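Protein chains: 2
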Amino acid sequence: MSKIRIGIAGYGNLGKGVELALMQNPDMELAGIFTRRDPASLKPMTEGAKVYSLDDAEKHVNDVDVMILCGGSATDLPVQGPKLARLFNTIDSFDTHAKIPEHFANVDKAAKETNHVSVISVGWDPGLFSLNRLFGTCFLPDGKDYTFWGKGVSQGHSDAIRRIEGVADGKQYTIPVPEAIDAVRSGKNPELTTRQKHTRECFVVAKEGADKAKIEQEIKTMPNYFADYDTTVHFISQEELDRDHSGIPHGGFVIRSGQTGKNGETKHIIEYSLKLGSNPEFTSSVLVAYARAAARLAAEKSFGCKTVFDIAPAYLSPKSGEELRKTML
Amino acid sequence: MSKIRIGIAGYGNLGKGVELALMQNPDMELAGIFTRRDPASLKPMTEGAKVYSLDDAEKHVNDVDVMILCGGSATDLPVQGPKLARLFNTIDSFDTHAKIPEHFANVDKAAKETNHVSVISVGWDPGLFSLNRLFGTCFLPDGKDYTFWGKGVSQGHSDAIRRIEGVADGKQYTIPVPEAIDAVRSGKNPELTTRQKHTRECFVVAKEGADKAKIEQEIKTMPNYFADYDTTVHFISQEELDRDHSGIPHGGFVIRSGQTGKNGETKHIIEYSLKLGSNPEFTSSVLVAYARAAARLAAEKSFGCKTVFDIAPAYLSPKSGEELRKTML
Numbered sequence: 149m150s151k152i153r154i155g156i157a158g159y160g161n162l163g164k165g166v167e168l169a170l171m172q173n174p175d176m177e178l179a180g181i182f183t184r185r186d187p188a189s190l191k192p193m194t195e196g197a198k199v200y201s202l203d204d205a206e207k208h209v210n211d212v213d214v215m216i217l218c219g220g221s222a223t224d225l226p227v228q229g230p231k232l233a234r235l236f237n238t239i240d241s242f243d244t245h246a247k248i249p250e251h252f253a254n255v256d257k258a259a260k261e262t263n264h265v266s267v268i269s270v271g272w273d274p275g276l277f278s279l280n281r282l283f284g285t286c287f288l289p290d291g292k293d294y295t296f297w298g299k300g301v302s303q304g305h306s307d308a309i310r311r312i313e314g315v316a317d318g319k320q321y322t323i324p325v326p327e328a329i330d331a332v333r334s335g336k337n338p339e340l341t342t343r344q345k346h347t348r349e350c351f352v353v354a355k356e357g358a359d360k361a362k363i364e365q366e367i368k369t370m371p372n373y374f375a376d377y378d379t380t381v382h383f384i385s386q387e388e389l390d391r392d393h394s395g396i397p398h399g400g401f402v403i404r405s406g407q408t409g410k411n412g413e414t415k416h417i418i419e420y421s422l423k424l425g426s427n428p429e430f431t432s433s434v435l436v437a438y439a440r441a442a443a444r445l446a447a448e449k450s451f452g453c454k455t456v457f458d459i460a461p462a463y464l465s466p467k468s469g470e471e472l473r474k475t476m477l
Numbered sequence: 149m150s151k152i153r154i155g156i157a158g159y160g161n162l163g164k165g166v167e168l169a170l171m172q173n174p175d176m177e178l179a180g181i182f183t184r185r186d187p188a189s190l191k192p193m194t195e196g197a198k199v200y201s202l203d204d205a206e207k208h209v210n211d212v213d214v215m216i217l218c219g220g221s222a223t224d225l226p227v228q229g230p231k232l233a234r235l236f237n238t239i240d241s242f243d244t245h246a247k248i249p250e251h252f253a254n255v256d257k258a259a260k261e262t263n264h265v266s267v268i269s270v271g272w273d274p275g276l277f278s279l280n281r282l283f284g285t286c287f288l289p290d291g292k293d294y295t296f297w298g299k300g301v302s303q304g305h306s307d308a309i310r311r312i313e314g315v316a317d318g319k320q321y322t323i324p325v326p327e328a329i330d331a332v333r334s335g336k337n338p339e340l341t342t343r344q345k346h347t348r349e350c351f352v353v354a355k356e357g358a359d360k361a362k363i364e365q366e367i368k369t370m371p372n373y374f375a376d377y378d379t380t381v382h383f384i385s386q387e388e389l390d391r392d393h394s395g396i397p398h399g400g401f402v403i404r405s406g407q408t409g410k411n412g413e414t415k416h417i418i419e420y421s422l423k424l425g426s427n428p429e430f431t432s433s434v435l436v437a438y439a440r441a442a443a444r445l446a447a448e449k450s451f452g453c454k455t456v457f458d459i460a461p462a463y464l465s466p467k468s469g470e471e472l473r474k475t476m477l
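As given, the protein sequences belong to chains A and B, one line each in that order.
Residues in the first sequence are numbered from 149 upward in steps of one, following my numbering.
Residues in the second sequence are numbered from 149 upward in steps of one, following my numbering.
In short, the hints are calculated from the structure, not lab data.
Everything numeric in this text was worked out from a predicted model, so none of it was measured.
Keep in mind that the hints are not guaranteed to be accurate.
Unchecked claim - Straight-line C-alpha distance at most 20 Å; calculated SDA-like pairs for lysine to any residue:
1. B/Lys410 <-> A/Gly196
2. A/Lys368 <-> A/Gly409
3. A/Lys151 <-> A/Asn210
4. B/Lys198 <-> B/Gln172
5. B/Lys410 <-> A/Val209
6. B/Lys474 <-> A/Thr244
7. B/Lys164 <-> B/Ser150
8. A/Lys423 <-> B/Ser385
9. A/Lys474 <-> B/Gln407
10. B/Lys467 <-> A/Glu195
11. B/Lys410 <-> A/Gly409
12. A/Lys299 <-> A/Phe374
13. B/Lys423 <-> A/Lys362
14. A/Lys362 <-> A/Lys299
15. A/Lys151 <-> A/Glu195
What the hints assert, rightly or not - Some chain B residues close to chain A (C-beta under 8 Å, calculated; not the full set):
16. Ala169
17. Asp186
18. Ala188
19. Ser189
20. Leu190
21. Lys191
22. Met193
23. Leu282
24. Thr285
25. Ala308
26. Met370
27. Thr380
28. Gly409
29. Tyr420
30. Phe451
Glycine is no exception: its CB is placed at the ideal position from the N, C-alpha and C atoms.
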C-alpha cells in the first residue's frame, strides 16, 4: 500500500509537531512543507524534506493527499481553511469556539464544490475534549459537564502580559483549583464560578527600572484575561524564565457527573484527562491521526466538512477492522 | 419526529437498566419486553409496558426499531445474537473478548442477509474502554496501554466463591493497586504483573459449621480466578452482606502513556476513568445510546455488524450536527 502523503501548511510549533508526528506513523510521509516565509530560510528536521512557498500550493495538488493547516485561528485559518479546501483534503485546528459554525459553513462549501474532505477544529479542545463532552451527555443524559484546563501555558494570556508596558517577557499558567475538581468528582454537581474553577499564575520579566507594582496591578485587573480570576504574579529574571519556563505543557479534565435509576439515586462519574508535556506536539499528533481518517473518507467520496463528531474511530487507526476487533475491543 | 421504538430481550439487571435508561431519553420509547419466562410473571417499571414471550419475537418485527439483547455472553448471546439479527436491528454487550471475532462474523452474516444493523460488544469494557485504547494508540503511537478495573464487583468471581463447599453467599471486589496506577501516571511505563495491578477482596458468608480456614484456602488458591492475585477474605454474616454489599458498583481506568519528539523526550498521559454506582445501569445507558446510532445507520441502509469503533460519535446524540458543533465542540 502506498503511503499517505501529508503536506504541512505553516512551520511554527504546530507544523514542527506534525513533522515529528509523521516520523512515528510509518503509513504516512511528508510530501512538503508550505510556508509564507522564504522557503530557503526553513530548516526542516526530516532529511530531504521539500519546502515550498505557500503561494505555490496549487502546483502541488497531485503530490499531497492531505494538507494539515498549522496556522492560527485568529487570522490564518478563516482565510486558508476555505482556500486550501478547494485544492486539498485538509485538517485544521480552528479553535475560536464561537466562530466554528461560520468556519464550518465556509470550509464545507469549498470542500463540497471541489470534492474534498476537510476536518476542522481538530486537537484536544476543541477535539478530544469535545468528544468526551458529547459522549458524556449521550451516556449520562441526566447529568452535568465540567471542563477544567491546566496546569498549562496559555499562549493568549502570556501574550497579553507581554503587551503591558515595562514587561520584557512573561509566561502564564492556567491552573485548575483542586478543591473544585474534588467537589465535581464527589458527585455533588456543584455550581462553580469562573474564579472557583481556575487560578492564574504569571512569571514576568520586568524591564530595567519598570514599576513592578504597577505591572502587577495591571495584570490582575485586566478585563476578560485576569480580572475574574485569583492571579499570582512572580517577577523573575530572563535567565530563570528561559531555564524554568521554556516548555509548553498543558492538559485538563472533562468530567461528566450523572445519575441513573428511577429517581436518579445511582451516581456515576466519567473522567477524561490529559497531561501533556507539549501542547503543540500532542495537538499535532491528533491532527495526523485525523489526516489518516480524511484520506480514507476521501477514498470513499464522503466529501465535505467534518468535525471529530462525524468520524468513526476506526478511521483513525492504520489497523484493519478485523485487527482492531481482535486486539483492542 | 416519531420516537425510536426499543425492544428489550431479557429482563435481568441489564434489561431493567435499559428500561430505566429509556425514561431518560425522550426520543425513544419502550416497544416491549421479550422474556423466556412467563410474561405474566414480569413486573415492568414502565406504566403500560408490554411483555411478550421471546419465542414470539418474530410477530413483532414491525413494532420494534432496535432490539437490545440483555442476555449473558456465555450461552445466550452466541445464539440470540445471530438469531435476532435476522429479525431486528440489534445491540448486544457480548464481552467474551477472545470470541468477539467469531461472534462478529456470525452476527454480520445474519444482519447483512436480512438488511439489519447490529452493534455488538457495547458497554464500557468492551465498549468505552476499547474506544479509549484505540484513541490512545492513534494519538500516541509510541506508547503503552494500561487498563485497570475496579474498585468493583466481579460477577464471575463472586459466582466462583459461591460454588465453594460451605459457602452460603459471597461477593468479590476487584481493586486496582494504587501504587501501580501512580507508577503508570508518572510516565515510567512500568511492566506490571497480574499481581501488581489488582488485588481481590472477598466477603463471604459461611454456612453453619463450615470450615472457614478451608474455604479461605480454597478461594486463595483457585486457579485463574484468585491464585495469581493477593486476595483478602472476610467472613461476615448474611445480614452484613445484604446491608453493606448489595450494590453492583464498578469502574476502572484506561491510561495511555506515550512520548513524542525527535527522541521521545516529551511525555504525555491520557487517562479515562469510570466510577459507576451501578455497573448494569451504566452499561445499559451506553446500550441505549448505541441503539440510537443503530436506528440511524439502518435508515441510511448501512447494514451489517458494527462495533463501537465503526460508529461516528454524532450518531449517539439526539442533537443535530449543527447543534452539536455550536454547543459541544
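Any hints this thing doesn't respect? Which numbers, in order?
2, 5, 7, 8, 9, 10, 11, 13, 14, 17, 18, 19, 20, 21, 25, 26, 27 and 30
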